[in-house]
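Undergrad: What follows is each chain in one-letter form.
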Amino acid sequence: MRADFRIWGLLPAWVIMGFTLIIPIGIVIAVSFAARGAYGGFDWALSGEPYVQILYQVGWTDELEFNPQYLYIIARTLWLAAITTLICMAVSLPVAYYIARQPRAVKAALVYLVTLPFWVSMIVRVYAWLMILGNDGVIEKALVATGLTSGIDSLLFNDGAMLVGMVYSYLPLMILPVFASVEKLDGALIEASHDLYANRWVTLRRVILPLAWPGLMAGAILVFVPCLGAVLEPILLGGGKQLLMGNLIQTQFGGGRNWPFGAAIAVVLMGLVMIVLMARALRDGGRHDAA
Amino acid sequence: MTSRGKAIEVEGVTKDFGTFRALDGVSFDIYDNEFFTLLGPSGCGKTTLLRMLAGFDAPTSGAIRLHGKPILDLPPHKRRVNTVFQSYALFPHMTVEQNIAFGLENLGWPKDRRSARTAQMLEMVHMAQFARRRPDQLSGGQRQRVALARALAPEPEVLLLDEPLSALDLKLRQAMRDELRTLQRQTGITFVFVTHDQEEALDMSDRICVLGQGRIQHLGTPNEIYEDPANRFVADFIGETNFLPVQVISVDGDMASVKTPMGQVVTTLQKAATAGQAATLSLRPEKIGMEDQAVGEIMQGRVTNKNYMGGYTHYTVDVGGTELRVSKRNAISHSQSFEIGREVRLGFRHDSARVLGA
Ligand SMILES: Nc1ncnc2c1ncn2[C@@H]1O[C@H](COP(=O)(O)OP(=O)(O)OP(=O)(O)O)[C@@H](O)[C@H]1O
Ligand SMILES: [Mg+2]
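Just so you know, the protein sequences line up as chains F and X, in that order.
Under this note's numbering, the residue at position 148 of the first sequence is numbered 148, and the numbers go up by one with no gaps.
Here this note's numbering = 1-based position in the second sequence + 291.
There may be inaccurate statements among the hints.
Pair by pair, the computed Cβ-Cβ distance ranges are [claimed, not checked]:
| id | chain 1 | residue 1 | chain 2 | residue 2 | range |
| --- | --- | --- | --- | --- | --- |
| 1 | F | I16 | X | S430 | 56 to 62 Å |
| 2 | X | E414 | F | D186 | 25 to 31 Å |
| 3 | F | Q102 | X | G334 | 22 to 28 Å |
| 4 | X | A419 | F | N199 | 26 to 32 Å |
| 5 | F | V144 | X | P361 | 52 to 58 Å |
| 6 | F | I29 | X | S430 | 29 to 35 Å |
| 7 | X | E414 | F | G9 | 28 to 34 Å |
| 8 | F | R101 | X | L363 | 21 to 27 Å |
| 9 | X | R476 | F | K107 | 44 to 50 Å |
No wet-lab data here; the hints were simulated from the structure.
Where a beta carbon is used, it is the ideal one built from N, C-alpha and C, also for glycine.
Given the sequences, and given the hints that come with them, work out the whole structure.
TA: Spelled out as structure tokens, the structure:
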């Protein structure tokens, strides 16, 4: 009776998961092994061709030549996601710490403010950066007004602008879990650290950081994973010259009309995410065993 | 005590929180090697004072010196003072050993000296077998010991303890009192102990500073504070007592003849008084003898209530309309007991009562 319920009780969840997650992923994987259709789309024909295409291109004489351009995009994606995550970690710790030290009412208000951007569409928010960084944007106007310069080349359309946009987009996802772990931190521990002759730096390194670590790690996952799939920021702020994996996938399904190849890149991306999550899970598991 | 050096000098320390004055011109000295207790009701400023010694708070005005050197400009990590926190504040991500070694590392002790000292401290607080555990794997009493060891390890000039026993159950608290006292004697470190538990203070301290309403009410040995309380606040806060409104009739040196609701008695003056002045007489319940133990000033009364406590029996006796609390030690098994409604003879010695200011 009970065992039955345990299995059948979860049926709705299984149905939803099946239709929205498992079946689509299955389709993506299946397509990634299909052949490119003559007029877009794909034909069912088992082939590893799309995966080969990630590393090789077909030369003039029909033989495969190693072509690192997609590898380069993958590496760049990983690199930018990692940098974004690190910047978010560095920024969120003092912010979360500051919020956690405020009186109750102020704290609630500040946490609300942190989540506020989520109420606005991502596209609108990224466009806002166009106005801040762009020609005649807020920053340029401010610089001109202070007389520091008579006008600057656009701050837009480079990796820096893209990074700013990504950090901005995903920072709340880091601040919230870090705040959750910093808030639990007993103020007496910091006093105890100072009392035991630790200066601020040592206290940060040996008391605050280790205790905020679970929050930082949770935040790192929440930021790193969506960064791998970022689409908007590279196009709008990065100028679309240098793409990330997200853009590559989008182009293959859109203009590129190479669904199998797009699906193959998507599967690689998914694989990368899985590796990150599993590494995390394994580490945590190991830590629990040790404790 | 006069030959001893001063470990801490607190001079005219005042602390305001906004418009609220938590401490008001407090001055006292703490001597080397002393077990010094700050005692007072909740909210009287004990923790505030201790935090200023540790460096977590700064006084609004006044000076604090540690072995003659002003320390108010020093941050906590530069003061050779350690704290045992009320909540223990053990680092949850470190083992017992690492907790104890933390201060030593920050002081730059070399590794071998550090581990020797850590081992010694673990031994001292009987926690050697728990060295590798984390704080959440320890009982309250064990955590308490680790907190003590951690604070004592760097050999501070003064150890500050903020109600360290309040989180423990009664039995453990008793045991830890003795352990603390022993530790203090063993290490010879000056202890500044904060508590609101008068029994704890009387039991452990060399000297007690009774704080009330942000001021020092009385500073003295446990015996002085109990037997010769400086004022009504102290007499009331430490132990139990009967307060009787009296009128001073005549004064002769430190003795006075006073008129009480039960009649005229001669007792010891605690505070200068003049004839005709209104004052308060403090008479401790155990200083009043019943029936065959009634000596000195004799009164007649009737038992109105009785509480058997094992070692003692507490009586409430009506003496001419005034209720007196009397406690009688049950010195032998099946000691004589007085039933409610019974007429009894009471008496107290002149030098056992104290006339306090009004
Ligand atoms: N940061 C603060 N802001 C405002 N008032 C404070 C602050 N800290 C303490 N106080 C007030 O100062 C007074 C003394 O506080 P303190 O913590 O020193 O009391 P305490 O004697 O340690 O009491 P307890 O026995 O309850 O611990 C209290 O009335 C308290 O409300
Ligand atoms: Mg307190």
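Undergrad: Each hint: holds or not?
TA: Against the structure, the hints:
1. I16/F / S430/X: 56 to 62 Å: Because 47 Å falls outside the window, the suggested range is violated.
2. E414/X / D186/F: 25 to 31 Å: Cβ of E414/X to Cβ of D186/F: about 28 Å, so the range 25 to 31 Å holds.
3. Q102/F / G334/X: 22 to 28 Å: holds (24 Å)
4. A419/X / N199/F: 26 to 32 Å: holds (31 Å)
5. V144/F / P361/X: 52 to 58 Å: holds (53 Å)
6. I29/F / S430/X: 29 to 35 Å: At roughly 54 Å between Cβ atoms, S430/X and I29/F fall outside 29 to 35 Å, so the hint is violated.
7. E414/X / G9/F: 28 to 34 Å: violated (56 Å)
8. R101/F / L363/X: 21 to 27 Å: Because 24 Å falls inside the window, the suggested range holds.
9. R476/X / K107/F: 44 to 50 Å: holds (46 Å)
Checked against the numbered hints above, the structure breaks hints 1, 6, 7 and satisfies the rest.
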